[in-house]
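**Student:** So the protein sequences, as listed, match chains A and B. Take 228 as the starting number for the first sequence in this note's numbering and just add one per residue. Take 24 as the starting number for the second sequence in this note's numbering and just add one per residue.
These are computed hints drawn from the structure, not numbers from a lab. All C-beta atoms, glycine included, are put in the ideal place defined by N, C-alpha and C. One or more hints might be untrue.
To be verified - Over the 10 Å line for every Cβ pair with chain B, so calculated as not near, a few chain A residues:
#, residue
1, Val231
2, Gln244
3, Ser245
4, Met246
5, Thr247
6, Gly269
7, Thr297
8, Leu305
9, Thr313
10, Ser321
11, Ser326
12, Gln329
Claimed, not checked - Think about it this way: if two alpha-carbon atoms lie no more than 30 Å apart in a straight line, the pair counts; the simulated DSS-like pairs of lysine-lysine are:
#, chain 1, residue 1, chain 2, residue 2
13, B, Lys124, B, Lys136
14, B, Lys81, B, Lys136
15, A, Lys236, B, Lys92
16, B, Lys72, B, Lys100
17, B, Lys136, B, Lys45
18, B, Lys81, A, Lys241
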Amino acid sequence: NAGVTQTPKFQVLKTGQSMTLQCAQDMNHEYMSWYRQDPGMGLRLIHYSVGAGITDQGEVPNGYNVSRSTTEDFPLRLLSAAPSQTSVYFCASSLLAGSYEQYFGPGTRLTVT
Amino acid sequence: AQSVAQPEDQVNVAEGNPLTVKCTYSVSGNPYLFWYVQYPNRGLQFLLKYITGDNLVKGSYGFEAEFNKSQTSFHLKKPSALVSDSALYFCAVRVNTGGFKTIFGAGTRLFVKA
């Protein structure tokens, strides 16, 4: 049981480049989400999904796209990278109810130059 | 607006002493409250949660937290701190509006000195 996995661990992009951050979980969790962590700001929700084929925006969705074609995978796409997107990105999953805790991946550290 | 506040950026405590990391929240309805811990270069790990019932909840690694509805607080506590407890701690509230979104506090860095 690998839990939540993320790839890559580190990435450097140039402004304007695009890329996909991968996230997978093997716990059959309905709920998956993407956060970015910036110093002094906690974690901010980018996008989330409550099941395959269903996604919705969080508080900071601009510049990011997501899709959920399977229960296991929830990739995050950066359409045209900007320096403001330099951050650490975490994927998380949980069962579908507010009372359940989230399980987090190890994170992807992204630098945009 | 729904929010979570962790009023201390950093808490310093000596090993063996009790520790408290503070958290207050502002949400509508009954909240689901969580504490997570983050060690350097790692993802967040779940520590404990309050859903309903007893106001004192116990979690991993000897941590506990007290839910106080009148003060809208959920402070994290441990009777005797260890150096290995040094980490970044996040309080979070999960709301049942719009897909069970979780709102995180800004985090409190705990330093335990030997």
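**Student:** Now tell me, hint by hint, if it's right for this structure.
**Tutor:** Against the structure, the hints:
no.	hint	result
1	Val231	violated (8 Å)
2	Gln244	holds (24 Å)
3	Ser245	holds (24 Å)
4	Met246	holds (20 Å)
5	Thr247	holds (19 Å)
6	Gly269	violated (4 Å)
7	Thr297	holds (18 Å)
8	Leu305	holds (20 Å)
9	Thr313	holds (16 Å)
10	Ser321	violated (8 Å)
11	Ser326	violated (5 Å)
12	Gln329	violated (7 Å)
13	B:Lys124 x B:Lys136	violated (36 Å)
14	B:Lys81 x B:Lys136	holds (24 Å)
15	A:Lys236 x B:Lys92	violated (40 Å)
16	B:Lys72 x B:Lys100	holds (13 Å)
17	B:Lys136 x B:Lys45	holds (19 Å)
18	B:Lys81 x A:Lys241	violated (46 Å)
The structure fails to meet hints 1, 6, 10, 11, 12, 13, 15, 18 from the earlier list, while all remaining hints are met.
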